[in-house]
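Work the whole structure out from these sequences, hints included.
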Amino acid sequence: MSPIREARRAGFLLALAMAGLLVRSEANAAEDATTAPPRVFLIGGSTMATFPPERPVVGWGQRLPEFFREPAMVQNRARSGRSSKSFIDQGHWAATLAELRAGDYLIICFGTNDSKADDPARYAAPRGEFRANLERFLRETRAKGATPLLATSVARRQWDEQGRFVEPPSDWVVVTREVAAREQVPLLELRRRTVELETSLGPEGSKALHLHFPAGQHAAYPKGATDDTHYCADGARRVAALAAAEIRRLGLPLAQWLKE
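Residue 1 is where the sequence shown starts when you use the working numbering, and the numbers rise one by one after that.
No wet-lab data here; the hints were simulated from the structure. Even glycine gets a Cβ: it sits at the ideal position worked out from N, Cα and C. One or more hints might be untrue.
Claimed, not checked - Cβ pair distances, simulated, as ranges:
{"hint": "1", "residue 1": "Asp118", "residue 2": "Arg69", "range": "39 to 47 Å"}
{"hint": "2", "residue 1": "Pro52", "residue 2": "Thr226", "range": "30 to 38 Å"}
{"hint": "3", "residue 1": "Ala208", "residue 2": "Ala181", "range": "18 to 26 Å"}
{"hint": "4", "residue 1": "Ala98", "residue 2": "Pro52", "range": "18 to 26 Å"}
{"hint": "5", "residue 1": "Arg139", "residue 2": "Pro253", "range": "20 to 28 Å"}
{"hint": "6", "residue 1": "Glu66", "residue 2": "Thr226", "range": "41 to 49 Å"}
{"hint": "7", "residue 1": "Arg249", "residue 2": "Ala208", "range": "21 to 29 Å"}
{"hint": "8", "residue 1": "Ala219", "residue 2": "Pro253", "range": "25 to 33 Å"}
{"hint": "9", "residue 1": "Ala36", "residue 2": "Asp228", "range": "37 to 45 Å"}
{"hint": "10", "residue 1": "Asp89", "residue 2": "Arg142", "range": "18 to 26 Å"}
Put into structure tokens, the structure is as follows:
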């Protein structure tokens with residue numbers, strides 16, 4: 001083979017090699033894009049919210065990142081004391097919606113504060129404004145190309161004198177289930193799961209999920225606390241574990257990002 005033809009052949013092979021590298025590079029970039037972890041936004045009230053470390057109260061959304069392989073996936077936008085109504089009225093929903101993008105998830109958990117009939121800033125009638133708010137969250141989330149998930153509100157620790165767990169009926173929980181079924185939205189059954197958790201621990205053992213401590217134990221509560229609604233760090237972690245288990249039970253694509 002002549003030197004000229006040999007040079008041409010070498011140049012041709014080099015060009016092929018470079019083209020192959022380029023194709024592989026583009027394929028790898030595409031693969032990385034499709035396997036990048038989605039973001040998981042949370043909206044709700046205090047049992048889900050994140051609190052400063054000096055507070056003994058912890059929301060289950062604060063501990064949910066511990067159950068994902070990429071903890072930064074979880075973006076907790078829940079706000080203490082908010083109902084679906086006040087979350088919207090105070091601009092928290094608009095701010096969260098502006099962050100959402102295609103491929104994200106949104107877990108929606110309201111109902112407890114919506115039931116406060118003596119507080120017009122928060123009250124949302126279950127089959128009126130509350131239902132409309134849930135439908136709005138779903139509609140606007142889907143419009144951004146994100147996937148909404150509904151979650152029933154968690155149970156409050158409540159036992160009667162005979163040592164039986166008390167679960168008062170909640171129209172807000174019922175409506176959450178109805179909206180999930182009608183709109184074909186995955187539902188995290190946190191009400192049922194937390195009732196099961198509280199019941200399994202019994203009247204005394206279930207105190208360990210919540211804020212039960214004497215005066216002087218925590219600077220934030222100098223007089224002590226008996227709070228059967230909010231969670232301590234361990235209680236929040238156990239409820240977060242229930243939420244992760246629900247994501248897995250539902251067979252959602254998001255489940256692939258959960259730790260084994």
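Item to check | Outcome of range test on Cβ distance (Asp118, Arg69; 39 to 47 Å) | outcome: holds (44 Å)
Next on the checklist: Can you tell me whether the CB distance of Arg139 to Pro253 sits inside 20 to 28 Å?
Outcome noted: holds (21 Å)
Checklist entry - Could one say that the CB atoms of Arg249 and Ala208 fall in the range 21 to 29 Å? => result holds (25 Å)
Item to check | Outcome for the supplied range 25 to 33 Å, where the beta carbon pair is Ala219 and Pro253 | outcome: 44 Å Cβ-Cβ, so the 25 to 33 Å window is violated.
Checklist entry - Cβ-Cβ distance between Pro52 and Thr226: within 30 to 38 Å? => result violated (22 Å)
Item to check | Beta-carbon spacing of Ala98 to Pro52 - inside the hinted bounds 18 to 26 Å or not | outcome: For Pro52 against Ala98, whose Cβ atoms are near 25 Å apart, the range 18 to 26 Å holds.
Checklist entry - Does the Cβ distance between Glu66 and Thr226 fall inside 41 to 49 Å? => result violated (27 Å)
Next on the checklist: Please check whether Ala36 and Asp228 have a Cβ separation lying inside 37 to 45 Å.
Outcome noted: This hint holds: roughly 41 Å between Cβ atoms.
Checklist entry - Should the hint that Ala208 and Ala181 are 18 to 26 Å apart at their CB atoms be regarded as holding? => result Given range 18 to 26 Å: violated, Cβ gap about 34 Å.
Item to check | Range hint 18 to 26 Å (beta carbons of Asp89 and Arg142) holds or violated | outcome: holds (22 Å)
Of the numbered hints given earlier, the model fails hints 2, 3, 6 and 8; all others are met.
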